[in-house]
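2 protein chains.
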Amino acid sequence: MTKRLGTQTVAFNSPPSIIACASVVGNKEGQGPLGQYFDIVTSDAEYGQKSWEKSESKILNTACNLAIEKSGHKNSDINFSFSGDLLNQCSSSHFAHRDMPIPFVGLYGACSTFALAMSMAAMTIDGDFSTLSTAAASSHFCSAEKQFRFPLEYGSRRTPSSQWTVTGAGCAVLGQHNLPPFVTHITTGKIIDMGIKDANNMGGAMAGSAADTIIAHLNDTGRDSSYYDVILTGDLGIIGRDVCRELLHQDKIDTSNYDDCGCMIFYNTRQDTPSGASGCGCCASTFCSKIFTDLKNSTLNKVLLVATGALLSPLTTMQGESIPCIAHAVAIEN
Amino acid sequence: MTKRLGTQTVAFNSPPSIIACASVVGNKEGQGPLGQYFDIVTSDAEYGQKSWEKSESKILNTACNLAIEKSGHKNSDINFSFSGDLLNQCSSSHFAHRDMPIPFVGLYGACSTFALAMSMAAMTIDGDFSTLSTAAASSHFCSAEKQFRFPLEYGSRRTPSSQWTVTGAGCAVLGQHNLPPFVTHITTGKIIDMGIKDANNMGGAMAGSAADTIIAHLNDTGRDSSYYDVILTGDLGIIGRDVCRELLHQDKIDTSNYDDCGCMIFYNTRQDTPSGASGCGCCASTFCSKIFTDLKNSTLNKVLLVATGALLSPLTTMQGESIPCIAHAVAIEN
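Residue numbers (my numbering), protein chains in the order written: chain A, 1 to 334; chain B, 1 to 334.
Hints may contain errors.
Any copy will do: because identical chains look the same in the list, a pair fits if it lies in one copy or spans two.
[As the list claims (entries may be wrong)] DSS-like mimics (lysine-lysine), calculated; alpha carbons at most 27 Å apart, straight line:
| id | residue 1 | residue 2 |
| --- | --- | --- |
| 1 | LYS252 | LYS296 |
| 2 | LYS146 | LYS3 |
| 3 | LYS3 | LYS74 |
| 4 | LYS197 | LYS74 |
| 5 | LYS74 | LYS302 |
| 6 | LYS146 | LYS197 |
| 7 | LYS146 | LYS296 |
| 8 | LYS50 | LYS296 |
| 9 | LYS296 | LYS190 |
| 10 | LYS252 | LYS70 |
| 11 | LYS146 | LYS70 |
Don't read these hints as lab results, they were simulated from the structure.
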């Protein structure tokens with residue numbers, strides 16, 4: 001019996017439970033509005049490591065181990081780990097999982113990775129392929145700036161539309177379990193290219209894919225946007241959130257319950273992040289801290305998490321290409 | 001009812017059918033021993049594009065469109081596309097899928113990607129999450145050399161242990177269908193690091209993960225290696241194949257039916273590929289040409305495909321790290 005709804009959505013027969021979550025973030029993120037919700041705030045960008053890449057890897061490894069510990073299980077109980085990051089060849093995830101004896105699936109969805117990992121993990125549980133699966137993602141401001149923009153030592157000016165890459169990681173443990181919250185639906189995005197070529201305006205570039213996936217989800221499920229307590233995009237930031245809202249309005253979709261993780265994690269004016277935040281770790285650490293807490297204590301009961309990814313590379317930008325984008329949605333309900 | 005066998009394996013209740021496959025390769029691959037089996041052999045490395053990256057993307061896009069066409073379906077019939085490649089931020093896959101309106105899942109498993117994509121696609125079919133899913137992967141000699149080693153224009157000498165990255169792509173269409181061959185089992189690999197640091201000996205580095213996954217598969221299923229007509233690793237090449245064989249012998253596993261895609265695609269002496277081939281496209285194009293043909297005409301009836309990936313990046317090598325590796329196995333049977 002097919003579990004498909006409409007063109008892009010899967011409705012689970014036995015919705016997987018999110019058993020536990022853990023988040024580890026950097027110092028700047030810890031000083032933001034969500035500071036109290038994170039499990040661990042590192043005291044500096046290095047986290048005791050010799051390179052930013054190793055630091056990112058350790059942040060992710062710590063988040064995964066902590067989430068599994070909080071779920072009451074051991075690493076060897078996990079049947080699948082789904083993880084990804086922004087670094088070339090996803091090295092943060094691979095080195096983070098090197099000492100974890102868990103069947104591993106590497107994902108690349110840029111900043112959409114956490115929702116993609118949740119989607120895949122949920123399918124392994126509902127399909128009886130796994131008893132316990134983890135979904136994780138990470139990013140690091142310093143490793144991302146070095147790889148995608150300029151060495152930090154240059155002290156380059158940032159454009160007003162550029163978003164601040166979150167230093168952080170989140171990991172969720174999904175399983176066959178009777179306790180809410182549950183992953184009830186996933187809507188997997190198509191690649192959308194609006195023709196935008198400005199790699200310093202990724203929020204604007206990704207807004208179209210976010211709106212496309214939200215609209216597909218609502219059409220596929222027959223739900224109105226007001227069904228959800230909150231519809232939360234991954235990291236469009238201030239500019240991207242406004243563009244996404246405008247696109248949803250054009251489709252007569254009410255956006256009074258719409259917000260964006262990239263607008264929530266920093267005090268944007270005081271912390272000098274005028275267009276908000278981005279990075280795989282943004283949505284992952286926001287969900288695995290405040291949003292999961294709000295779901296557990298029923299402050300929120302119905303959440304649509306829509307993580308968005310800009311699928312460019314520095315090379316494709318240099319070759320004059322526009323930015324293909326994607327957004328994946330996960331419905332989480334008590 | 002769980003579909004898990006042992007620690008790493010899933011046994012499907014309703015084994016997904018591989019409905020169609022397509023392969024597109026470069027000129028050098030076309031002149032190799034498998035030349036007659038490929039659907040399309042390009043006349044040059046550019047394939048009408050202005051960069052090697054765009055060429056790789058077009059090769060992958062062509063393989064995907066052709067496989068879907070051969071399956072008797074349209075792009076819009078596909079519920080999930082699983083795809084990955086070696087380029088930074090997996091740009092070959094993203095640009096290849098930009099004009100394909102298919103829910104897209106980006107994977108990174110280095111040269112293990114094709115088997116990983118088959119594994120994920122098979123779970124979406126058996127789990128009733130999808131009616132039709134595609135699994136694809138690509139690589140390109142020129143884009144890989146440029147990114148991982150040296151610009152081709154330097155004319156650098158290659159080490160005797162280095163493998164030649166295949167220019168090519170393969171795509172398989174999986175679905176709920178009654179015609180063999182079927183994907184009956186998947187064994188998802190753990191990350192194995194043997195401590196090898198020589199990025200020019202990736203076959204040797206990956207051999208341990210290949211042996212680990214083969215042993216896990218045989219233990220989990222209770223099968224003897226002789227159950228299979230052929231056990232085929234992804235792209236260990238000559239050196240890696242010999243190391244893997246040695247490791248399997250230490251576990252008293254008979255290897256008379258064992259071979260490696262990286263040893264099959266070129267006339268290694270005549271075509272100056274002394275250690276054989278590598279790249280995501282190696283296993284993908286070999287499976288989607290000769291192996292699939294042999295399964296369809298029952299020359300082969302039981303195949304264990306074990307694609308292997310070296311999860312290093314140029315940066316982790318420069319930082320003195322060893323090479324984490326992974327191997328994913330897919331059992332395909334008539």
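Which numbered hints fail | 1, 2, 4, 5, 7, 8, 9, 10, 11
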